[in-house]
Amino acid sequence: MGDVLKRAVLASLSASVLVIGAQAAQPSASLPQFADVTTAAGIHFRHTSGAFGKKYLPETLGSGVAFLDADGDGWQDLLFVNGRNWPGQPGAAAYPALYRNNGNGTFTDVTRAAGLAVEMYGMGVSVGDYDNDGDSDIYITALGPNHLFRNTGGKFEDVSARAGVGDPGFSTGAVWFDYDRDGKLDLFVGNYVEWSIDKDLFCTLNGKTKSYCTPESYKGQSPTLYHNNGDGTFENVTRKAGVYDPAAKTLGLALIDYDNDGLIDVFAANDTQPNRLYRNKGDGTFTDVAVLAGIAFNEAGVARAGMGTDAADYDGSGRQSLIIGNFANEMMALYSNEGNGLFIDEAPTSTIGRASLLRLTFSCFFFDFDLDGLPDIFAANGHVADDISTVQPTITYAQPPHMFRNLGNKKFEDVSTRLGASLAKPAVARGAAYGDYDNDGDLDLVITANNGPARVFRNDGTANHKLRLTLVGSASNRDAIGAKVRVIRVSAVPVIAMVKTGSSYLSQSERAVTIGLGGANRVGGIEITWPTGKVERLPGVMGDQSLTIVEGKGVVKSVPLGTKS
Numbered sequence: 014m015g016d017v018l019k020r021a022v023l024a025s026l027s028a029s030v031l032v033i034g035a036q037a038a039q040p041s042a043s044l045p046q047f048a049d050v051t052t053a054a055g056i057h058f059r060h061t062s063g064a065f066g067k068k069y070l071p072e073t074l075g076s077g078v079a080f081l082d083a084d085g086d087g088w089q090d091l092l093f094v095n096g097r098n099w100p101g102q103p104g105a106a107a108y109p110a111l112y113r114n115n116g117n118g119t120f121t122d123v124t125r126a127a128g129l130a131v132e133m134y135g136m137g138v139s140v141g142d143y144d145n146d147g148d149s150d151i152y153i154t155a156l157g158p159n160h161l162f163r164n165t166g167g168k169f170e171d172v173s174a175r176a177g178v179g180d181p182g183f184s185t186g187a188v189w190f191d192y193d194r195d196g197k198l199d200l201f202v203g204n205y206v207e208w209s210i211d212k213d214l215f216c217t218l219n220g221k222t223k224s225y226c227t228p229e230s231y232k233g234q235s236p237t238l239y240h241n242n243g244d245g246t247f248e249n250v251t252r253k254a255g256v257y258d259p260a261a262k263t264l265g266l267a268l269i270d271y272d273n274d275g276l277i278d279v280f281a282a283n284d285t286q287p288n289r290l291y292r293n294k295g296d297g298t299f300t301d302v303a304v305l306a307g308i309a310f311n312e313a314g315v316a317r318a319g320m321g322t323d324a325a326d327y328d329g330s331g332r333q334s335l336i337i338g339n340f341a342n343e344m345m346a347l348y349s350n351e352g353n354g355l356f357i358d359e360a361p362t363s364t365i366g367r368a369s370l371l372r373l374t375f376s377c378f379f380f381d382f383d384l385d386g387l388p389d390i391f392a393a394n395g396h397v398a399d400d401i402s403t404v405q406p407t408i409t410y411a412q413p414p415h416m417f418r419n420l421g422n423k424k425f426e427d428v429s430t431r432l433g434a435s436l437a438k439p440a441v442a443r444g445a446a447y448g449d450y451d452n453d454g455d456l457d458l459v460i461t462a463n464n465g466p467a468r469v470f471r472n473d474g475t476a477n478h479k480l481r482l483t484l485v486g487s488a489s490n491r492d493a494i495g496a497k498v499r500v501i502r503v504s505a506v507p508v509i510a511m512v513k514t515g516s517s518y519l520s521q522s523e524r525a526v527t528i529g530l531g532g533a534n535r536v537g538g539i540e541i542t543w544p545t546g547k548v549e550r551l552p553g554v555m556g557d558q559s560l561t562i563v564e565g566k567g568v569v570k571s572v573p574l575g576t577k578s
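Residue numbering for the sequence shown is 14 to 578, as defined by this note's numbering.
Don't take every hint at face value.
Pairs of lysine to aspartate or glutamate, EDC-like flavour, derived with a Cα cap of 20 Å [as the list claims (entries may be wrong)]:
#1 LYS547 to ASP193
#2 LYS232 to GLU72
#3 LYS212 to GLU229
#4 LYS547 to GLU229
#5 LYS423 to GLU351
#6 LYS223 to GLU72
#7 LYS253 to ASP193
Quick list of simulated restraints, FRET-style, between CB atoms [stated by the list, open to error]:
#8 PRO573 to ALA260: 48 to 58 Å
#9 GLY314 to GLU207: 23 to 33 Å
#10 PRO406 to ALA434: 18 to 28 Å
#11 ASP146 to GLY220: 55 to 65 Å
#12 VAL506 to PHE65: 47 to 57 Å
Treat the hints as calculated values from the structure; they're not laboratory data. Note that the Cβ used here is the ideal one computed from N, Cα and C, for glycine as well.
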């Protein structure tokens, strides 16, 4: 999160940079509008931070959200992670919340019936079919211990102790992935700092009143890597795999094959510590190459306060680049993958840097909100100090989100205020995810707020064509996490995407891959590189379909997608 006072004094200079560098946005095509359908959809989740005046550090961070098909009916459900009241404090019990998609634009809270009414100080969530039985299992990170909920067919069983993944630390982001390509999902868990109520420190801004301490005040915690044994249990291989790192203060995690060698690497956004890029060496071990890659520090060689992160091929280069949310006065980072092992931060000279400079960005991810085939960028913002405006009037506690529309050629325009008044409302945002909850083919949004209500936004108004792909592994892990999809578009650059977990901030978007086709209603072909390394090529198909593709069998199911005008 960074030092509020130290960084706030830079704001007057920052504001002048914003004015000098500002450029008028170029006119763009008619944009989709995002309608706030939270109430109409029956979503009434409100996050509990437990804050009661003691200014405990964890209160500023939570929490995440996930799109998942919990009951296998083909409709995306929603899982919200929750905190809890601190011991000895009054208040109703707080639980995570699972909302079942009714298939008609509404949801029903099924938390208790699903077996998820478990009280914990939750942080993040990652969804993956770790036992390859066809059901989506849920891993929730927390201020120790974490919980693994095995899906038994729409209901969940807490198997944390039996599986051996109840990490006792202060856990944050987590990702399921098959790092050794044995067909089973392993688990990488980010941890934050050594904090407990007994270890809580007294920090102030004015020398008298307690404020939230910065992460510099506490020792870091190493991430944890769990190897899937294939029998329902996991082995902690953190040291063996070379990822033991007690200085780390990880918040965001993203899966990325940055060097296109077919092995999935892990990027970790760290808070006030250098970022890490754990390169998968293919022998069961990793090595951190973030410094050599140019993504450990900012351009001045200073570690930033990294929050959320994501990876995607946003520029049609065939290489995955990185987006990172950072603290106010630090701006977001957009690291372009140059293909030679190096990344260059394009944000300082772009619209993204200018627009995000005074924002504190938690969640951020690539997604094609207008279905033109170019990955856009969404950022959910909100400060950690509720009194920040008294220290720096140009920075607010509640902040509006950002939407950066990809114009191609590494150019973006800020369309944040042009997508509907509801989406542009300020919030103390934390988690965010995208998913097609109404099965119409475009990508909707859900955003959580710290100690506040979650909001669901329906994407309305694009006539562009699309293709939705759900991949199922056979020799590969069943979720096909790590599979790369290359779609040949008519008269346009191919779109390359990867099936993944994690990204954003403490959250997970839907697993299916949505490919925007713009005005074209067909594709020339689909090429899939499965996690095993096997390449499968499929012929061209018509657009506006949802396809299920099984490894080695091709398309096994096709469902028409709704078309909006």
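Quiz prompt | Beta-carbon spacing of VAL506 to PHE65 - inside the hinted bounds 47 to 57 Å or not | solution = 53 Å, holds
Quiz item: Are the Cα positions of LYS223 and GLU72 separated by 20 Å at most?
Solution: Since the Cα atoms of LYS223 and GLU72 sit roughly 14 Å apart, the hinted pair holds (cutoff 20 Å).
Practice problem: Verify the proposed pairing of LYS253 with ASP193, using a straight-line Cα cut of 20 Å. | Solution: Between LYS253 and ASP193 the Cα gap is close to 13 Å, so the pair holds against 20 Å.
Practice problem: Hint says 18 to 28 Å; check whether the CB-CB distance for PRO406 and ALA434 agrees. | Solution: Cβ of PRO406 to Cβ of ALA434: about 24 Å, so the range 18 to 28 Å holds.
Quiz item: Does LYS547 pair with ASP193 here, judged by a C-alpha cut-off of 20 Å?
Solution: Holds, at roughly 15 Å.
Quiz prompt | Distance restraint evaluation - GLY314, GLU207, Cβ atoms, bounds 23 to 33 Å | solution = Once the Cβ atoms are compared, 26 Å apart, the range 23 to 33 Å for GLU207 and GLY314 holds.
Exercise. Starting from the hint 48 to 58 Å, judge whether the C-beta atoms of PRO573 and ALA260 obey it.
Key: 52 Å, holds
Practice problem: Decide if the proposed pair is consistent with the structure: LYS212 and GLU229, CA atoms, cutoff 20 Å inclusive. | Solution: 14 Å, holds
Quiz item: CB of ASP146 to CB of GLY220, is that within 55 to 65 Å?
Solution: Holds, at about 57 Å.
Quiz prompt | 20 Å Cα cutoff - pair LYS423, GLU351 | solution = Holds: LYS423 and GLU351 sit about 12 Å apart, inside 20 Å.
Quiz item: For the pair supplied as a hint, LYS547 and GLU229, is the alpha-carbon distance within the 20 Å limit?
Solution: 45 Å, violated
Practice problem: Starting from LYS232, check that the Cα of GLU72 is at most 20 Å away, please. | Solution: Given pair LYS232, GLU72 holds - Cα atoms ~18 Å apart, limit 20 Å.
Checked against the numbered hints listed earlier, the structure breaks hint 4 alone; every other hint is satisfied.
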